[in-house]
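Residue numbers (numbering that gives the first Met the number 0), protein chains in the order written: chain C, 0 to 338; chain E, 0 to 338; chain W, 0 to 338; chain X, 0 to 338.
Just so you know, the hints here were simulated from the structure itself, not pulled from any lab data. Just so you know, not all the hints are guaranteed correct.
With the Cβ distance kept under 10 Å, some of the chain C side facing chain E (calculated, not the full set) [as the list claims (entries may be wrong)]:
no.: 1; residue: Asn166
no.: 2; residue: Ile274
no.: 3; residue: His298
no.: 4; residue: Ser306
For clarity, every value in this text was computed on a predicted model and none was experimentally measured. Don't be surprised by glycine CBs; every beta carbon is placed ideally from N, CA and C.
Protein chains: 4
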Amino acid sequence: MIVIFKKDAPQEAVEALCQQFEAQGLKIHNSMGQHTHLVGLIGDTSTVDVDLVLANAAVEEVKRVSEPYKKANRKFHPEDTVVHVGNAAFGAGHFSVMAGPCSVESEQQIEAVAKSVQKSGAALLRGGAFKPRTSPYAFQGLRADGLVLLRHARSVTGLPIVTEIMNPEHIPLFEDVDLIQVGARNMQNFELLKELGKLKTPILLKRGLANTLEEFLMSAEYIMAGGNENVILCERGIRTFEPSMRNTLDISAVPMLKQKTHLPVVVDPSHAAGIAWMVRPLAMAAIAAGADGLMIEVHNDPPHAKSDGAQSLTPEQFDRLMADIRHTAEFFGRTIHAS
Amino acid sequence: MIVIFKKDAPQEAVEALCQQFEAQGLKIHNSMGQHTHLVGLIGDTSTVDVDLVLANAAVEEVKRVSEPYKKANRKFHPEDTVVHVGNAAFGAGHFSVMAGPCSVESEQQIEAVAKSVQKSGAALLRGGAFKPRTSPYAFQGLRADGLVLLRHARSVTGLPIVTEIMNPEHIPLFEDVDLIQVGARNMQNFELLKELGKLKTPILLKRGLANTLEEFLMSAEYIMAGGNENVILCERGIRTFEPSMRNTLDISAVPMLKQKTHLPVVVDPSHAAGIAWMVRPLAMAAIAAGADGLMIEVHNDPPHAKSDGAQSLTPEQFDRLMADIRHTAEFFGRTIHAS
Amino acid sequence: MIVIFKKDAPQEAVEALCQQFEAQGLKIHNSMGQHTHLVGLIGDTSTVDVDLVLANAAVEEVKRVSEPYKKANRKFHPEDTVVHVGNAAFGAGHFSVMAGPCSVESEQQIEAVAKSVQKSGAALLRGGAFKPRTSPYAFQGLRADGLVLLRHARSVTGLPIVTEIMNPEHIPLFEDVDLIQVGARNMQNFELLKELGKLKTPILLKRGLANTLEEFLMSAEYIMAGGNENVILCERGIRTFEPSMRNTLDISAVPMLKQKTHLPVVVDPSHAAGIAWMVRPLAMAAIAAGADGLMIEVHNDPPHAKSDGAQSLTPEQFDRLMADIRHTAEFFGRTIHAS
Amino acid sequence: MIVIFKKDAPQEAVEALCQQFEAQGLKIHNSMGQHTHLVGLIGDTSTVDVDLVLANAAVEEVKRVSEPYKKANRKFHPEDTVVHVGNAAFGAGHFSVMAGPCSVESEQQIEAVAKSVQKSGAALLRGGAFKPRTSPYAFQGLRADGLVLLRHARSVTGLPIVTEIMNPEHIPLFEDVDLIQVGARNMQNFELLKELGKLKTPILLKRGLANTLEEFLMSAEYIMAGGNENVILCERGIRTFEPSMRNTLDISAVPMLKQKTHLPVVVDPSHAAGIAWMVRPLAMAAIAAGADGLMIEVHNDPPHAKSDGAQSLTPEQFDRLMADIRHTAEFFGRTIHAS
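Assemble the whole structure, with the sequences as input and the hints as a guide.
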């Protein structure tokens, strides 16, 4: 960490602050420039609160040099982490596809979609029971009943299930869910992250719509700091100025995350654009850029879906896409897992 | 709502969709353009799911004409809502200032700050007990103990208190809090909003860092739809590309929100920039733009604050600022409330 | 185009505006909703000025239904346009790579890089003579002398050249340049676009850092409206909140642009991230998403480059990448062109 | 400037780079951290090219400590600069209002508006002759004829004129313009900035829609580096995710710019929101935040304006607003100038 002092900072204030740092076990390196006096702090600066240092009237600026995340940091854990969920695996060349409807709507629907995506080669069944909706007047999901239906579909097909949690109070309901999803709007719901850190279940953490990669990794760090190191990161599109798509897939996030962390990184091309015909090119790009898996929305009857129909593929479309995904993943050296 | 069909949409598909709309009680107005066929939907379209309509293969685009929020909408409630919290009041010309530390740290600290801001003219005491922090390794607040200390400061000064809730499980702890704050990162924590909608306590809802004003109002609508119509909106800075400040105050949000909704709108200039010296010009701008109140961080010892020291004023700085706020609010025709 | 009137708009004002539209040859379709009165305008609305209509006190909102671009619009020109530059071709399955240094620095440098990238399989030589630099104190390019050196490298290798123009006054200097580039910062330099519309030389138009796809296509329309329909669009990264990369590659822009327009779309992975090691994954993603070509920075000695060294590949790195590009482009069904 | 080396950077590479820095006259301060080796560079680093340093394989990151602008930097020029244009003055407490139509349309129009805004108290007449329009099919301004009409309005009223230049080739036409405006889309048209740096005429530089304050100041630096130090900065709204307004006024830019530079800062509330009724609250906020002037669009007949009618005030509205501006500017201690 580097602390830059103001041009006219009183010498005593500088010295007092440096003594504080030393009291925290940090070493101080002074650098006097033409117009600038700065000090480098040597040691474990992850607990130094940048805001506090900035509050000192003598300080002009503070720059972090080392990342504030540790458990998620590839520097301290160079090998790829592989997260296993049933027969599915993510990371270190292992590639799996999660597929299913945005919302669980009925036993018949989820069972039909589950059988279909399994046949096409998906390794997990996705389906929303608790749905975050912008409007209080929109369908909010079948909630606990939806989880029952997902378990039913799992018992029929053997596919492990992934579904979203929105409330720490619901954790008991998610006890035997195979992979618990944290949605984009809850990426910084720190109370929820802390509770999930106490579980053993793997977590699929989606990136917030306007969050930096460091913030994303700090949210993973929240879960990992609690003891749960089975975290899969999911890039699902960021908010930009472009109105023709719901969000903009940040494909660069895939290689950059994989450079910064050992955790697996998957892509959700369905939410990224919100448009069914764009799922294919974005899925191909995700594989080419190094993703460890994909999450794709499939609905038996998109125009009558209860949510997000615009981005859902039909089972037939998914079947054709899945063939190409397999082919492309192999071309790029990935081992694909099915159920 | 306007539905635009694809150039080559089959006539049967168009008719089938129109029949669906009519079955929902909507009337259809057809418009055939040179290159475009569109229909206008007349009636209550707030429950039409745009995504579903977009999922129809015949549809090219859907445009909402009327706002999806009702209870928060000024069109259906032209007069300003006034929210009262103790002696404080917000809206319809009533102006109040909330002040206090980012985090409650000790009995001595919160009592001293409370007495000081009260003397300067604040109408509410703010103080964080549960703190949303980006890093799991940063100070997370005194939590339940912090609430005890806030109540103590209230009993000493008589100042009503405002503090942030992060978890629906904590609602019992907030029972006698005077004004419950929902932080920017939880603006779309819909599970929390729903629970707060069941309370009678007024809610201070902060705008998310990258949310539109419509999303902001839809979150207010979540609370109001549950029956709690005492919502104060708080603009606290949005994320932009500018690195010299933590966030960028969206001053335009003040007049635009007040045109769209009858709810009071306050501004938090401390979080907006994250820099103590900027609080004054931003506070002045907020009053000039029509804000119904301000929320300002004051700490007895900013360089030793446990969070956000960089943006905190000292009690002396706040006292001087408060004099100017009073003077300026009067100049702009506001009635200022103190405890 | 749809015009939505205010709830309380006086009938005479509405009628007067509608008569104005009819006088412009447009037909009017009325729709009276519960809370809304709107009219649809049928006919060629591309010359209707949205701002003017909004200025009418009776009007609440105006929504465009059809795109404001014509010549670039795929609706009126369904087949892909192929742009040929020497032996290179872009579009309709034709794929070419442009490679070379950010800046032309010396005869020796540009000749060496040209020979090297040609050997590796590039179809065009890129090199900046006029350089847009944020700082007036940074190297501004060799300017006219740089163009002389590029021509020299072309005469030695036969590679067509692509280089950036920044000033309409310089057009005579660019007379025999094979492909003239408009940089991101000049995407809305309308005076320059108009002048380039009068030429026959193909134009490589880069997307601005914060521009929408519609604005991008409107800038292409400026060139095409002048008579020059040989425009290649280049996605080169947009500005986002992510600080770990210079820009963020908008991979979704590739399929979305190709759906909206018949013009070829290429990707510049070097500028998109500004980091040499990211060029490979982003180049792969671009091919997978459907790009018609790539523009890649190659420098004989990146650490001593006069600009943008951080993102340049060495000739050896480019040679290995080019082999993979060829392989991947073939996998995705593209025909690759070399010089 | 601080250079952070990679964890495993070879010692020879580090030393070689340090020798390069020393050869440029810089002094080196070494800091060896636990996981990091960094050096501080002492001396004039404004000519060090960050990209080049980053291109070195041994380097992980580079952080600037001192600002890259000099002539615009308040550190080296602590007193406010006052820019005089006729009787108008901007800076150091001097406050002036520029008003007039978006586009000059006819002799009658510009003369009528000029007389009217002069009577209301404007100090300069604004009017666009060369208009940057997103669409090639929209009205492009009267161009050279518009300048003739502006001069005519000046001769009738004595009001100095401000109008936008878009092309270095047009400089001869702008010879006797009193204040030359560079529009937001040309903020980084460096060729144009360089040419304007050779003039003596004051320049009104508008901030680009997605540019940082440092980029804004670097563009001012381009003009100042050429010898023309009479630059007025204009904040006119930035692009954000909010669709209900054209742009979002960045009110924080006013105090932040004034802290970083000695140049005057004005605000254009008309373009900031693009909505006539928002001009008043934003103008008030601008004065409260410390602006040195305002630029406001006034049109004799907004619904028939040839551009930007939606944001124009009528002369009567401007007259009432101008009274409040005067009153408010005085309240905030500014000296207001009229013609």
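Each hint, compared with the structure:
no., hint, in the structure
1, Asn166, "4 Å, holds"
2, Ile274, "8 Å, holds"
3, His298, "8 Å, holds"
4, Ser306, "6 Å, holds"
The structure is consistent with each of the numbered hints, conforming to all of them.
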